[in-house]
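*Asks:* Assemble the complex: chain A is given as a structure, and chain B must be docked to it using the hints.
Chains A and B, in that order, are what the protein sequence lines are.
Under numbering that gives the first Met the number 0, think of the first position of the first sequence as 0, with each following residue one higher.
Under numbering that gives the first Met the number 0, think of the first position of the second sequence as 0, with each following residue one higher.
Incorrect hints may appear among the rest.
Said to hold, decoys possible - Derived DSSO-like pairs: lysine-lysine, alpha-carbon spacing no greater than 27 Å straight-line:
1) Lys9/B to Lys16/A
2) Lys7/A to Lys9/B
3) Lys24/A to Lys9/B
Claimed, not checked - In silico negatives: residues of chain B with every beta carbon more than 10 Å from chain A:
4) Leu26
5) Gln59
6) Thr72
7) Leu81
8) Gly82
9) Ser201
10) Lys213
11) Glu217
FYI, nobody ran anything at the bench for these hints, they're computed from the structure.
Fair warning: this is a prediction, and the values are worked out from it, not measured in the lab.
Cβ atoms here follow ideal geometry from the backbone N, Cα and C, with glycine treated the same way.
For reference, the chains in residue letters:
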Amino acid sequence: MHELPIIKSIYKSVITKAEGAGAKKVKRVVIEVGILRDFIPELVQKYWDFISPGSIAEGSVIELRELDASAACGRCGKEYAITKENIGNPQCPVCGYRRGRLISGSELRLVGIEIEKQEKK
Amino acid sequence: MKDLTYIDLKECILSDNDGIADQIRELSVKKRFFLWNIMSSPGAGKTTFIIEIISRLKDQFRFGVIEGDVESTVDSLKMQNLGIPTVQLRTGGGCHLDAAMVMKALESLPLDELDIVIVENIGNLVCPAEFDLGADLPSMILSVPEGDDKAIKYPLMFSVCKALIVSKTDSLGIFDFDFEALRINTGKLNDSLQIFPLSAKSGEGMEEFCSWLKQEIESKKYQ
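For reference, chain B alone in the conformation it holds in the complex:
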């Protein structure tokens, strides 16, 4: 007679990831840096936006960048050309970054000399939302050409973010994009989401965003 036994486990599957995310939060307090996770679909303009932010704020803050890409080092070379300490994470087909990868990347950055570490996540609106990276500012970029209805299609992504950057507003004349519809859609499950329309190319809206970002950084309590 075979003996069948049922074992009750009630175990959180991503507890490994969440534990490392907590360690990252502690590290960022101890080493006094602000961790900013930027997510979006491919082509929303993450790299252009990051370069614009760095060029505007480099006299006030010392930046480091963690570049996540499925393949290539194209983006990290752009950052290195700006003289920014950069770590490239190549996932080789993996569709997201997890906390363990980010922890490893942080270990090879000169954290004592940095004020802000930007994580450029893999271009994807599904998987990156599922992995807590311990960031102070989880955020996403939605570009105008992608449309105002994405919050209905990717509810988890829009509900884990604190800030939503609507990029490429210089293309508003070409695409139909309704900001009121966007506010209604994002407010359904994340009514405290901060929305920033801007264009890294024309500079429109960049100043407003930068001053909000500075407040966020200054409000972080270090030990």
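Chain A extracted, bound-state conformation:
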């Protein structure tokens, strides 16, 4: 359920931005989430559908783009990707060392929104 407070802050931002741009309706919301956030896409849409009714964002679709994490090797410093597949056992692709430091993986970005403006005559 850690998604809920975050979805609420996305919601606030989406409504402000959409209204500021003169939207009558929000159709699509694109977010980027690092894999370490452990976001479940189905839950994100469910929470969105729970908080958005009655607003211009009602019925809109959340497009969740997952971002791989990255780590720096503890020996040679090489930066490499941490994916859902190798996260339990990461290894430097250059020197093979297995200790390192996490650099990224907890991103949370509102990338953009698709809105519908006034109907044109």
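*Replies:* The following block gives chain B in isolation, referenced to the frame of chain A:
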């Protein structure tokens, strides 16, 4: 014809939280206190550990405590009984503390009279890791009964911490807990994590931890 427009935003969603966390960092430098965030799962022994730390160091440092709990004031009453200025944050179901809540709690503590403010976070290994509180020392407690494999299961929590306290070492004879496996697992994504095995009950390892903590506090640069 309906007019569809795509607006590029590229906006960080937790920027509100991170902004307040920065304000907390500034406040702690200005008011000269050391902020220590303690995270763990429920029952790892946060409260017992904090009480033990306070009783060992109360002659050297003035403590304040921010207690985070989903419900109840059980823990803050224990702190108040020790004569420690305490603020209870009750989240009413919320699974973590955020920077705004901590800022509010700090405002009601006598900061000019404190050297260390301990934040006892909500017992949870997922959500608290996602919210920067502006702490000088983000740390977690892992108790021996929970097992040595938790770093693989909760990678974010283990990678945001500077210190890992392995508590309840007095129960090592009952549970299988492999410190080497723990070091391997935590080192995968946080190779500079400091690990402190200890027991608040028997006192084993407490002295080593306290002297490390004192160094951390003394190394903080105030204006």
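*Asks:* Please name the hints from earlier in the document that this structure breaks, with their numbers sorted from lowest to highest.
*Replies:* Structure breaks no hint.
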